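J.: These protein sequence lines map, in sequence, to chains A and B. Numbering follows the numbering used here, with no gaps: position 125 of the first sequence is 125. Numbering follows the numbering used here, with no gaps: position 35 of the second sequence is 35.
Fair warning: there could be bad hints in the mix.
A few chain A residues facing chain B, derived, Cβ under 8 angstroms [stated by the list, open to error]:
id : residue
1  : ALA121
2  : ARG124
3  : ALA167
4  : PRO171
5  : VAL174
Sample of chain A residues lacking proximity to chain B, with all beta carbon distances greater than 12 angstroms (derived) [said to hold, decoys possible]:
id : residue
6  : LEU74
7  : HIS119
8  : ARG169
9  : GLU179
10 : VAL253
11 : GLN317
12 : ALA346
13 : ASP349
If you are wondering where the hints come from, they were derived from the structure by calculation, not from laboratory data. As the structure is a computational prediction, the values presented were derived from the model and not from experiment. Idealized CB from N, CA, C, for every residue including glycine.
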Amino acid sequence: MADVDEAAIGRIFRDNSGRSVAALIRVFGDIDVAEDAVQEAFAVALSKWPRDGLPPNPGGWITTTARKRAIDRLRRASRERELLGQVASSSTMNDEPDSVEESGPVHDDRLRLIFTCCHPALSREAQVALTLRLLGGLSTEEVARSFLVAEPTMAQRVVRAKHKIKAARIPYRVPADHELPGRLRAVLSVVYLIYNAGLNSPSERGLCAEAIRLGRLLATLMPDEPEVAGLLALVLLTEARRASRIAADGSLVVLGEQDRSRWDRALIDEGQRIVRWCLRRNQPGPYQLQAAINAVHADAATIEDTDWPQIVALYDQLLQVAPTPVVALNRAVAIGEVSGPAAALALVDELDLSNYFPFHATRADLLRRLGRTREASAAYARAAALAPTDAERDFLRHGGRGHRS
Amino acid sequence: MTRYMLSVHSVADDAREPMTAEEMQHSWQDIQKLEAEMQATGAWVFSGRLHEPETATVVRVAQGEILTTDGPFVEAREHLGGFYIINAEDLDAALALAAKVTRVIRTPIEVRPFADFADEPKR
């Protein structure tokens, strides 16, 4: 039998806690009760598993043990009658007392939970923190560190959000069809935000893995939503290139100079397969189109082989569904590859993005290619001053060139 | 059931075009319809529209004495113009009602739960 040490138990809990917490919230109608119970089950596992070995179904064991612990605790508590009464009335659909584990994709508790965590009545920061903590099994300390926030600040954010869910009675359910598109957008942007937080902070790459896990979960639970598939494809295709994005010395490597042999072919294949499925569905949306753009890049053996006209066409579509200046900027870069830097610069100069460092980096690159060296240096300096990470700053200070990755 | 207050926040010297008499008539009819609907579904508990903040008076205790002063408690461009008190199954149901009201009156609405009501026994 493999060693069942504390680290192994921690990993098992982290992989399963989202499912257990979600199931127990449904049963007990209370996030804190659910979290405490899973924490207690963890303590039990720490003393039992190294001695007795792993139970046959660790995930099921966690949920069952946590549920028993929660009931014991509620029995002891003074509010016993009232809460147990609620349990009885909330689990009428569930006659079998041990069938806490729910099956069937539509009614997965984790899906309910992610829609609660990402309810529009909560701030975006709270949505991210709750999602990572309740579904990802991250501790408040880990969430705080990932977002460069002091732990007490993050703890307070989580406490306030949980209080609001309870006091304002934010529902624990998957939204009805007519609400779904808007509510799903919030969920997808939380997952994408978590991914990008990991991408932009190399010490927190666990966030990328967490976002991919959430993306896969959503794709399994909502197999008919093209934008869910699009988001998963987008993060997989971005992830495939992540290792080649940062050089050994920590500096940023632009797309054109990345060692394409280091791209992860398995992730690319998976992402491209999903993109093809999306194309067949023909209900394009922002995530699917961004994924498709990344799929085209992944197809090219070298930067010169890139099918830029195809990328421009995809950006044209993306600009229609997501008419933001950032999309317009990226479209201009692609146009620069098809029609030359002068055409791109004309488009870039129309955009109002003076506080966005890639805007200055793009201008700098186009000016350099047009031989307007002095203006290019000024634009690089401006970009470096605005860049959020060291890798990006270094890259820009050295007069970075090529395309943004 | 949870009880919520939907407070209607008006903005002083709102730059918007004032409603025409006809629009006001329409808006009033829509509000009547909406309130009838809320009463029919049992959501409506109480509602009211307030006079402008200049009509407010503040009473407080200062050095053991009751002090009465003119004017709203907080001088602000935004003020409470009216409110609904409703019962709703959950926040989504309350937000859906608030959405209907704000569509008609075109003024932002704040939705807040009452404390303790959720702890009362269910009927």
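J.: Against each hint, give a clear statement of whether it holds in the structure.
T.: Evaluated hints:
1. ALA121: 6 angstroms, holds
2. ARG124: 17 angstroms, violated
3. ALA167: 5 angstroms, holds
4. PRO171: 4 angstroms, holds
5. VAL174: 11 angstroms, violated
6. LEU74: The claim holds: LEU74/A sits with its nearest Cβ about 16 angstroms from chain B, beyond 12 angstroms.
7. HIS119: Label violated. Min Cβ-Cβ 8 angstroms, cutoff 12 angstroms.
8. ARG169: 4 angstroms, violated
9. GLU179: The assertion about GLU179/A is violated, with a minimum of 8 angstroms to chain B.
10. VAL253: 46 angstroms, holds
11. GLN317: Consistent with the label, GLN317/A stays out of reach of chain B, its closest Cβ about 31 angstroms off (over 12 angstroms).
12. ALA346: 36 angstroms, holds
13. ASP349: 33 angstroms, holds
Consistency with the previously given hints fails for numbers 2, 5, 7, 8, 9, ordered from lowest to highest.
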